[in-house]
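Asker: Quick note on the numbering used here: the sequence shown kicks off at 382 and runs consecutively.
Each hint should be verified, as a subset may be incorrect.
Claimed, not checked - Dumping the calculated DSSO-like pairs for lysine-lysine here, alpha-carbon to alpha-carbon at most 27 Å: (1) K548 - K505; (2) K573 - K612; (3) K439 - K505.
These are calculated hints, taken from the structure and not from any lab test.
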Amino acid sequence: MQTEGSVALVTGANRGIGRAYVEALLEHGARRIYAAARALSTLDAVVALDKNRIHPVKLDVTNEADARAVAAQAEDVNLLINNAAILDVGGSTDVSMDAVRANMETNFFGTLNVTRAFIPALEKHHGAVVNMLTLVALVSMPALSAYNASKAAVWSLTQSLRADLSKRGIAVHGVFPGAVDTDMIRNFQMLKTPPIDIARAVLSAVATGDEDIFPDPMAQRVYAAWRLDPKAVERQFASM
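Required output: the full structure, derived from the provided sequences and hints.
Answerer: So this is what it looks like as structure tokens:
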């Protein structure tokens, strides 16, 4: 679908990749953007980018009532970008069970909750869903065990949604970025892609109908290696 003239909703829009999506949507000529976050006060700077086209909405993705209320308010949405996520650091034998549950609750159940709420609008407008995944949905980084698992679950969910929603005229895209320069991985010392570069690449790929999107050089390089020899990439990531 074309993003020019679209009406989009971006979860986790107050910072990082979410804010970059809002900026890229403005550049691509979106007609209206619903910027969603758990607290409206965190969206002031985002709304200031274009007060006419950006509409702040309160949305805790894990809350079904929130999702239904926002979907009722934003019935014109034809592009849903499921970006909201959390990340806890810890290996599989030492990360707390509370952290594991929290990552699954936000990253997996939150994505499913919001998508379900917006299906009527997306079906009506022949829209699209963009699910923000990550390379570690394909191959785990041991220090991010809870996050890895939650994003791998969203990858599986994305495939299920694609099969189900294609019958209703809704496209479903999965995005697998590498390291992105956001607060989420501020303490990880590695080359990182600016969030705006990710957002621009994703919107361009959505416009051309790409279902699985690898929006940066690291993502493209690792995906190519993973397709060739997934066990070699697993061993490489296990050593990180």
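Asker: Take the hints in turn and mark each one as holding or not.
Answerer: Each hint, compared with the structure:
1. K548 - K505: Roughly 13 Å between the alpha carbons, so the hint for K548 and K505 holds.
2. K573 - K612: Judged against 27 Å, a Cα distance of about 24 Å means the pair holds.
3. K439 - K505: holds, 23 Å
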